[in-house]
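Engineer: Listed below are the residues making up each chain.
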Amino acid sequence: MQVEVSRRRFLQGSVAMSIVGGASVGVTNLLAGHTEEKGELSITTKTGTGKATEVATLCEMCVNKCAALARVEDGVVTKLNPNPLFPKSKNMLCPRGNAGIQALYDPDRLKSPMIRVGEKGEGKFKKATWAEAYDAILNGTDKFTGMAKILEEEKDNRSAFLFCAGEGMAEHTFKTFYSAFGSSNWLNHASLCLQTVVSGYGVTLGGYPESDLENAEYIIMAGANRAEAIVTPDTMDIFKRTKGRGAKLICIDPRFTNTAAKADKWLAINPGTDLAFVLALTFVVIQEELYNKEYVANHVNGFDKYKVNILDNKYTPEWAEKITGIKAKDIYQIARDFMAHAPKAIYYPGRRSTFANNDFQLRRAMAIFQGLSGGIDTKGGLVFGKKLKLDSHEGLEPIYDRAKARAVNKVERTKGQVGYSDCAVVSGGGSWVGWRNRYLENKMPYNVRGMFIYKHNPMMNMPNIAKTAEMFKKMELVVAIDTMPSDSVMYADVVLPECHYLERTDPVKTFGGSQPSIAQRNKVLEPMFDTKPVIEIMGGLTQKISRPLFHISKKYDADIRDELANLNGKTAKEREAEVYEEFNLHKPFEHSQEYINQQMVQDIYGKEAVKSLRDNGVFYPNMDKYFKKLSENEHQYYPEKHKSYTVNGGRAKTNTNKVECYLPNLAKKGVDPMPKWHEQYLFTVPDGKFRLLTGRHAQFTQSGTANNIVLRDLMNENYIWINRRVAKKRNIEFGDMIEVSSKVGKTTLRAYPTEKIGPNTVFFVHGFGEESEELTWAYKNGGNDNAVIEDIIEPVYGASSMHETNVEIRKV
Amino acid sequence: MSRYGMALDYKNCINCKACEVACKEENGVLLGADKHRIWVGANDVDGEWPLLDIVSATFMPSQCQQCEDAPCQSVCPTNATYYDENDVVRVDPDKCILCSYCMNACPYDARYVDDRTMTVDKCNFCSDTRLSRGDTTTACQNTCPTKVRTFGDLDDPESEISELLRTREHFSLKAHLGTKPKLYYLT
Amino acid sequence: MSETTKTAEAVQEQSFIAKAKEFVFTIPVNKVSIKDLRDFEKTPRNNFIAVLTLAFIAMFVVGVAIYLSQGHHAYNVTREHPWGLLIAVYIFFVVSSTGLCIVGSLGDVFGFKDYELIAKRAIFGSIVTILAGFAVIAFEIGHPVTMLIYNVLSPGLTSAIWWMGTLYGIYLTFMIIEFVFLLKNDMKMAKIFGLSGLLVGLAAHSNLGSVFGFLNARPISNGVFYPTYFILTAFITGIFIAFIIMGIRYKNVFPEAVKTMLTGLAKIQALLLSILIFFVTWKMLTDIYGGMPNRADVALHILGSWTFWAEVILAMLIPLIVILKDYGKSHVLLVWVSLAGMVGIFFMRYNLVHDTQLKPLQMMKIREYQLVPEWIHYFPSATEIMISLGGVGLCIAMYYVGSKVFNLDADH
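Read top to bottom, the protein sequences are chains A, B and C. Under this note's numbering, think of the first position of the first sequence as 1, with each following residue one higher. Under this note's numbering, think of the first position of the second sequence as 1001, with each following residue one higher. Under this note's numbering, think of the first position of the third sequence as 2001, with each following residue one higher.
No lab work stands behind these hints, which were simulated from the structure alone. Heads up, a few of these hints could be off.
Below, in silico cross-link-like pairs of lysine-lysine (DSBU-like), each with a Cα-Cα straight-line distance of 35 Å or less [to be verified]:
| # | chain 1 | residue 1 | chain 2 | residue 2 |
| --- | --- | --- | --- | --- |
| 1 | A | K243 | B | K1035 |
| 2 | C | K2019 | C | K2267 |
| 3 | C | K2365 | B | K1174 |
| 4 | C | K2021 | C | K2113 |
| 5 | A | K474 | A | K243 |
| 6 | A | K728 | A | K51 |
| 7 | C | K2019 | C | K2283 |
| 8 | A | K46 | B | K1174 |
| 9 | A | K327 | B | K1174 |
| 10 | A | K780 | B | K1035 |
| 11 | A | K607 | A | K51 |
| 12 | A | K327 | C | K2365 |
| 13 | A | K728 | C | K2365 |
| 14 | A | K120 | A | K811 |
| 15 | A | K322 | A | K305 |
| 16 | C | K2365 | A | K46 |
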């Protein structure tokens, strides 16, 4: 086992950071179950006709960040309305967006800092002041070890702390702390989420593109469910045009989803076999020479190799029919229709979790198929769009000599080529499950003893929760920053309560696309209870820990001692103050978010932009001229000629500006350089078992919304979909309690016999079945998929493969 | 004085239920699955997997149909249900005696009991909330992701809804009952 | 001049008041004390009825208390099934009242001499039953006081409920006046008010039928059937109750005159039951084979419910067979059959209310995890049952007190 040690190379202690916007990430894990309701709550407020103010803000009920206008009457948010000005969300708020009020006024919210007094995971805390909480983090209590002691014992190896975060606008602020702190262990939702799709498209097309669903005429939506997993503006754009109204939508899914219901054609596919379907489409297109020959000749790299691969392997529709269950004649038809409509045809990239182990190759195959049509960087196809620039602001990345690199293990993957034990490539977000499992198996190159979690719920979001619980118990110091007492918060040693998204201004963000804009979440209300925005939490914490940690570094870091020794004509005290500035963790948090946002916008776009972001929540150049209300239901954001459909001459954005069919670098890492089918990808389920599928629902965003009382009105718990005929044979009726079990655990939830799913698969919505007793409505409400899903990781990026688990079901 | 109606491009509906939540939040409708002024109905899809009948899986957004000849109004013993100046069918909670006759008489299941006032409540096109403060549309219309609804004055030939009804074929729910709904489903 | 007029008016007024006072004070009543009320023949059966009645009244008090604290939450009524047991029980009582009114009218309005001897009892019974009905409905209507106010201030003239309620109010007044004249043995005035009461009662009662008949949302109920059927079944109910009260009055040992009357009533009952069976048969046949959507399926569903057969067997078939067996001469048996018949009549009312609401008005799923709406289920809550039994208790108690206070037997 070898340890990779590479210091981050920065000449200065501080580094310019800008916020990256655009395609953000959707999380995939969450669900809730049923409990007896504790009392009756009637917390909807009727809007009044008297005095009210409206504050432009951005929603954070999911990842989309739709623009909202919060109506405030007498200091109470009475309604969240859509903000028509934002091109991304186009004057809409989904059910969750509307239910943001219930999240704000959720009686279960974390209301003050807390310090653990019970056993780990028991959920027993004492209320604390912020100062006490910060002190507990630094110095520990009789129940847990403090940060100072850990760093002291680990000789200032900053990587002894793990940092993990869920997606959110303030994730950036938390990451600023992580960078300043100097750890190399960063894990986020990516490997539980869209890691493989973003990477697959990234290496093939040079970026993860948007889909111009407003203009596409033919869309294949496979394994994406835009009617239920809402993504703006895709969801709004597509469903107004299906059913013979301008766009033909082909839905490929093992389940009959709401998207299937709105599609023109739905084809049930065997789980995990989409790759065979795409390869067969490609076969038809190549064999019948339907592809865009000119485009392929000029803008596609390695086509000849790929052609040979496809034809020689005989990826025919007849071959694919046996694997996918989709009839060969349908595959021929779809391939021909797609190319007939190209370039206004889209094989929709989607942005879900990794379902099957072949997902990365599937994404590559999809991207290449799109490339063959020429529908790239063009109206009606996949578009990269434009992104409006934002100024950077000061962050801090000190160099800690003792900080070790990310805790990964190198192994020889192909002859002479070094890779990693978890997977072929380690991305910025890391492989969560890979990391966790190695940590539990004591295969870490050094001790990791503490962790910070921000807006992240590993207990709910990652397969095999038994192991996650074990990981938490093993961590000596767990600091959780959250708004709700989630299952993960229950395992914390110190809980720092973040305020709700309506109670804070978050970093201004740029949203790319064919109609780019900048948007800002503005504070609607002062934080309730003893809660704070992350920027203030980090500010307070760094004020407390910065200097004590510096003294530890001084002790163990020879570089710092050298620097201090080199007085440059100053007194030792002056010199220490100067050097400390490089390590002053508090520095990035000195200014208010409002001030930082102004700095990021004002110089480029002027004061008007700052004002517009504050008053309207949205800004883009010429907004006043371009934005028009066309009707109650339609708005113009940019005139047609100013929309950024084509920004790279219709080419991919890879280094070569070509679609990459063949990637020799992958071969070096032991990964197929071109998408290929392997026998182990076949979908098989042993007799009597079922393949477990999971997914989203329009009324819930993973576990984050599981305790939302108004959303529970819409779906009180999750049910397991079982094929109606299979259920009948097993004497299972609607509402029966079913125990679902796999190698790693079990969960119990109600049965929903339906024809919308095939005989050897079962499905339930993610995000239910929380175990935190502090969640009145989510506690033990429904079943938790991650109690059952096995921790299988995909080989290329180490993402969790969510649909590779077979389960047994039993009526209880 | 308008004559308000609503056109529903119901094929746009993806059953996300944003309208239901927006309605509850705007109008302070009590929580509880059977306390709703508006809703989206779905059929169970016909057929056997994988040969399912896509067209049977329609989503129908629905609510009070704002009948011109409303059965709920004519059966009300105290005229608590009335047509307001904009022809909107509304309930005066002061006059309602909760005999529940209207709940039985409404062919659309559009009425329910508000547990606070213990009177019958129903969709009123946001008349006492949005419209009364000058907004031009309802909460459900405004929030809808796929823009199913168009709300407006049927008496104004220039209104968007009038234009839609002139140019798009449409139907009403349970039209054979002669209730003359002012909700129009566009085909 | 004006002084004189005023004085004259005052005198007139005074004399009117005096007359009214005199009229009221001359109503023949027996002085009864609590002790008298406790004074009844202590047979096991009587004791049982007494305990039961008190228990029912206690239930009424408890039920009302629960209702007052919890409102309609105490009932199992829902958005889909807004009318529950209390509506059925209300109908049960007012149908009984109308029926007794018809029976009572046979003698004093229509001049069938044989039936005069039940007139007072029947009219008193009609007052008692409608009061019990009102007592029950007062706790079903959410706002009875608002009803009294806006029924007058803002009458809904197109509403069958408005007409039904208003007419029943007038009817009750007429019945009380008629009863007073009967007590005073003023048969002429009794006849006038009896006829008026009967007509208003029939109007009220058929309006109650039309409450269902006007529902265009409910094809199973819509149409002329219920308004006419209500009058028919009221008469039948009246005769059942007549048997019961005569059975109680004479402890099943009937004098000849009563026997004659009961045999006559039984023969009328047989005729009415035959007509009813004919009606119901054709209602079912047209419902099922008429093929109207939302009617045929509902009718078939009704055919499959045990409550429907309870109604048919107890209220129709058994009484008819027993009467036809010997032309209504088994009086004692008929008293028992009538008691069972009233159980059947209760189911008749319950079915009417429930069956109207059987078919959901909204047949789509409004939540992902629900079954497609099929039939609306309803079973009364404990509170509803308590208040309903309480109505029966009140009815028995009022009748008992009345039988002590007033001379309900025909004067000879």
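Engineer: Now, for every hint given, state plainly whether the structure supports it.
Structural biologist: Now for the hints, and whether the structure bears them out:
1. K243/A x K1035/B: holds, 32 Å
2. K2019/C x K2267/C: violated, 44 Å
3. K2365/C x K1174/B: Since the Cα atoms of K2365/C and K1174/B sit roughly 17 Å apart, the hinted pair holds (cutoff 35 Å).
4. K2021/C x K2113/C: holds, 32 Å
5. K474/A x K243/A: Violated - the C-alpha atoms of K243/A and K474/A are around 54 Å apart, more than 35 Å.
6. K728/A x K51/A: violated, 58 Å
7. K2019/C x K2283/C: violated, 53 Å
8. K46/A x K1174/B: holds, 31 Å
9. K327/A x K1174/B: Not satisfied, since the Cα-Cα distance of roughly 40 Å exceeds 35 Å.
10. K780/A x K1035/B: holds, 25 Å
11. K607/A x K51/A: holds, 29 Å
12. K327/A x K2365/C: holds, 32 Å
13. K728/A x K2365/C: holds, 21 Å
14. K120/A x K811/A: holds, 33 Å
15. K322/A x K305/A: holds, 25 Å
16. K2365/C x K46/A: holds, 27 Å
The structure shown violates the earlier hints numbered 2, 5, 6, 7 and 9.
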